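Here is what each chain is made of, one letter per residue.
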Amino acid sequence: MSETQIPPDVTVDSRGAGCPGPLMDLIGKIRSAEPGTVFELLTTDSSSKHDVPEWVEKSNHEVLDVVERDGYWSIFVEKH
Amino acid sequence: MTQRIVIVGGGTGGAVLANRLADRLDLTDGEVEVVVVNDGPDHVYKPTFLYIPFGKRTVEDASQPLVDLLDRRIRLVIDRVTGIDTDGKWLTLADGSTIAYDYLVLATGSKLVPEQVPGLAEGGHHFYDAEGASRLRDALAEFESGHLVLSVIGVPHMCPPAPLEFVFMADEWFRERGRRDDVEITYTYPIQRIHGLAPVAEWAQPRFEERDIHAETFFNPDEVDPEGKVIHTMEGTELSYDLLVAIPPHTGDPMIAEAGLGDDGWVAVDNHTLEATNAEDVYAIGDTADVPTSKAGSVAHYEAGVIADRLLSEIQGRVPTDRYGGKTICFIEGGMDEATFIEFDYERPPVPRPENPFVHWAKLAYNESYWLTARGHM
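Listed in order, the protein sequences are those of chains P and C.
Position 17 of the first sequence, counted from 1, bears residue number 17 in the working numbering, the numbering being contiguous throughout.
Position 216 of the second sequence, counted from 1, bears residue number 216 in the working numbering, the numbering being contiguous throughout.
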């Protein structure tokens, strides 16, 4: 995993999120955002590493990076 | 000098908190005043709405006057708060008056905003308020055949189990009426499974298959064509319907974002103390608080106990110690006469047990005795 210097426009802190969960938290924020907005999703759920890119690809947005940090992951997504 | 606690919102969080404080304080000695400001006279118990489309409950069952539920030493103000000054510690009301606070608790809850999805208000039904549930009752009563779609659009939304409950109840309701073979039921969900909580999705999935309920996942509607009766999604897919029941987009009260307390009307808080991160002496409870668990009544109920304890400690000059660990419980109807329930928190995921009639009766019994909760007794 690379270190990244992408500055996010919006940080979605879903660490510890049980219900509805990190991907739903991200979708809720992306829906109402302007194209070009960069999100940083913070998640402690390891399945986010594949769930989030799977949805992002289906909905034609872009995963910029997935960074493993101390006890959680940062997933950088740009809305197209 | 009297210390004033102002609670904005008289729903589950606001009412339970106010009554818990009244229970533990002498509100007649001039030391502490508790004020509840609500934008209407009634307290609404929203779980009733699920039963209205199926003719099991009426709109009148869903609400009672706040004045009957709140301890009479609590000052109830019926008005809408339009502005919050967190530096000066005062609120502006719609009638132009202001009210100062020493401690503020925001309990303003969720608003439905179907207009965020073009065509949804015209083309879709919902059961998330009294008017919507009543309209849906009429539409279901006349729905003889065709494609019923239950689409989860709002993220987040109140009561995450309710979409599953609706399709399980609808499936059985149509069977009871001999119409199930003429009705196709499809349930759509935003992510790759049929519920946000993986254990709940695993519990529900085989039941979908047994009962011939179709599921469309990774499905995020961004437009509804009410004439052509088609849903279009962010993922580029589409789905035709004859009767659309949607879980609409939700937002919080706009004055919360205006006051710099959080995005989308949800207040940014410490997940355990429920104190606002962007202001002193401000708390949030229930849907209003941006915590990593469901927008559910049980959350507001448990948070009320924690906030009451912390406020009392503050007022009495002691270090607050009570913490909210994310405790949430949800009943889940599995049809018309069986239910299960789940309990979870920030650390422990839920473990759904097989549904049975006893839990269904427990849910109905709780719905009747909920008013004791609102009064602070349970």
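If you are wondering where the hints come from, they were derived from the structure by calculation, not from laboratory data.
Mixed in with the good hints, there may be bad ones.
[As the list claims (entries may be wrong)] Simulated crosslink set (EDC-like; lysine to aspartate or glutamate; CA at most 20 Å straight-line):
1) P:K58 to C:E122
2) C:K111 to C:E122
3) P:K79 to C:E122
4) P:K58 to C:E238
The structure displayed is predicted, hence computed values, not measured ones.
Original post:
Holds or violated: are the alpha carbons of K58 of chain P and E238 of chain C at most 20 Å from each other?
Top reply: Satisfied, since the Cα-Cα distance of roughly 14 Å is no more than 20 Å.
Original post:
Between K111 of chain C and E122 of chain C, does the CA-CA distance stay at or below 20 Å?
Top reply: With a Cα-Cα distance of about 18 Å, the restraint between K111 of chain C and E122 of chain C holds, given a limit of 20 Å.
Original post:
Under the criterion that the straight-line Cα-Cα distance not exceed 20 Å, is the pair K79 of chain P, E122 of chain C satisfied?
Top reply: 28 Å, violated
Original post:
Are the Cα positions of K58 of chain P and E122 of chain C separated by 20 Å at most?
Top reply: 28 Å, violated
Consistency with the previously given hints fails for numbers 1 and 3, ordered from lowest to highest.
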